[in-house]
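From just these sequences and the hints, can you work out the full model?
Residue numbers (my numbering), protein chains in the order written: chain F, 1 to 287; chain E, 1 to 287.
Simulated from the structure, these hints should not be mistaken for laboratory data.
Check each hint, because a few of them may be wrong.
You can't tell identical chains apart in this list, so a pair holds if it fits in one copy or across any two.
Each computed SDA-like pair below joins lysine to any residue, with the alpha-carbon atoms no more than 20 Å apart [as the list claims (entries may be wrong)]:
no.: 1; residue 1: Lys46; residue 2: Ala27
no.: 2; residue 1: Lys229; residue 2: Asp42
no.: 3; residue 1: Lys2; residue 2: Gln26
no.: 4; residue 1: Lys90; residue 2: Gly216
no.: 5; residue 1: Lys124; residue 2: Asp42
no.: 6; residue 1: Lys181; residue 2: Ser119
no.: 7; residue 1: Lys2; residue 2: Lys34
no.: 8; residue 1: Lys2; residue 2: Gly25
Number of protein chains: 2
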Amino acid sequence: MKTCLDCIPCFLRQTLDVARRANAGQAKQEEILKEVNKMMADISLKVSPPEITRSIYALIREKTGVIDPFKEVKEKSNQQANNLYSILKKKVEDSNDKLLTSIELAIAGNAIDYGLKDSLEINKEIEKILNYHSCLFNDYKTIFNYLEFKEALSKAKTILYIADNAGEILFDKILIEELNKEVIFAVKGKPIINDALMEDAYACGLDKCSQLVSSGCDAPGTILKFCSKEFLAIYQDADLVVSKGQGNFETLSEDSRSIFFLFKVKCPVVAKDIKCKMGDLVLKKSS
Amino acid sequence: MKTCLDCIPCFLRQTLDVARRANAGQAKQEEILKEVNKMMADISLKVSPPEITRSIYALIREKTGVIDPFKEVKEKSNQQANNLYSILKKKVEDSNDKLLTSIELAIAGNAIDYGLKDSLEINKEIEKILNYHSCLFNDYKTIFNYLEFKEALSKAKTILYIADNAGEILFDKILIEELNKEVIFAVKGKPIINDALMEDAYACGLDKCSQLVSSGCDAPGTILKFCSKEFLAIYQDADLVVSKGQGNFETLSEDSRSIFFLFKVKCPVVAKDIKCKMGDLVLKKSS
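Structure follows, in structure tokens:
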């Protein structure tokens, strides 16, 4: 997906948020924001939004010296999600269609996204998930290729599951436990927003149900040219690729390999691109 | 009020909105947005937000040749508001405190602001106003210097009433009719967002209850250095100055003359500045 003009004000809003999380003082915030304004005056709209976010975060890291401004947020998200494990697990067990329920919960868990929302909004989203009943989700499932997913799953031996955020990955664990296959779970290579790293995967016990790997990528998405050779080989060879979150969709949607994208629609640009509403829960097979 | 870093993403969002309203094509939108990014990389935060908005609008005018991208919106707002006149008037007549009710309605009418909201949101706000009961407003009146206003009004012979938006001025008319004084009603000098011009004042019949004047200013506020001499003389000499809207507050709040500011809090930067919540209805005497 290409960057669109509407992304630019959003990049600047995120810049300011991250500069503050990195404890930049007023003068440093101004310096960073103006630097990003300069960058925006020159950017190409031919790249995906996560590729631009990657450059912005690199600049903030350089200017503040803070490598991982979301470290505490991620730790808290993991703890919070771990506390939900037995409740979520029971929802799946009580369900008539365990696979469907675990997919719906995994998509709903994609609401844990500090690039676009704050803690207060995320807690409200989690509250909603805890009141989950499958029928409540039906209005939000405008693209939901469940039958295609089930069919691909039945044929697959190896699955690559590309993670999105810390905390959210606990919801992914619940889905992976239902897949009942050999799963390789890929996290980001370096800190970027609240995207899950290897340490988060361990914190949420993903090592218990999958083989962990780093994509090598330091963007809030999966930009293949920045991924490790090891990851690229897995990506090409896997029978089934599950991609979580908007950032991975934005960076992989134009790739030729077949992928199932699971995400919650959280920005109007993506909503327009796939002809969905904000808040929709998407299970989309790439064409 | 000084511009704050949080204003910058908002300026860019407005830039894109206005460029589109001025029918700029995709390439022109990109050119304008990038030009404004360049401008933002160099701006001084010592000026008020409307002074920066003024420069942005000048740039969009220059690049698109469209002088008044909100012309139709303003005409529609005036018509829509005129249709509400008798309903609003009855609300005032049925009230125990006619002055209070007309002030509350005038502040609520400040929701008609296309710089920050779109038509859909504005229609919802108008719907709320039509369901108006004074007690419903109490939670939103964290700053409401009504007694001071009544006292100042009782002593005043001449009142300068500085307008904000088209449509909204019909709500101002209802308040002016309750003031029962000699009122000079000041509109903007040139098109800027949906701010009321002389033609809007006539369209809403403000000429029937006040003397009309232009401030001469072409910013979405009242920047004294850009106002006409005629306006400045009235501004200095008036016994009471009523200023409507955030933009006028942002540009006049640091001036030494005594002013009563009436506005709805529509942006987090202003909310923080005056220690209010978003959505609050403010009647604030300048210190």
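- Item | Hints the structure fails to honour | 2, 4, 5, 6
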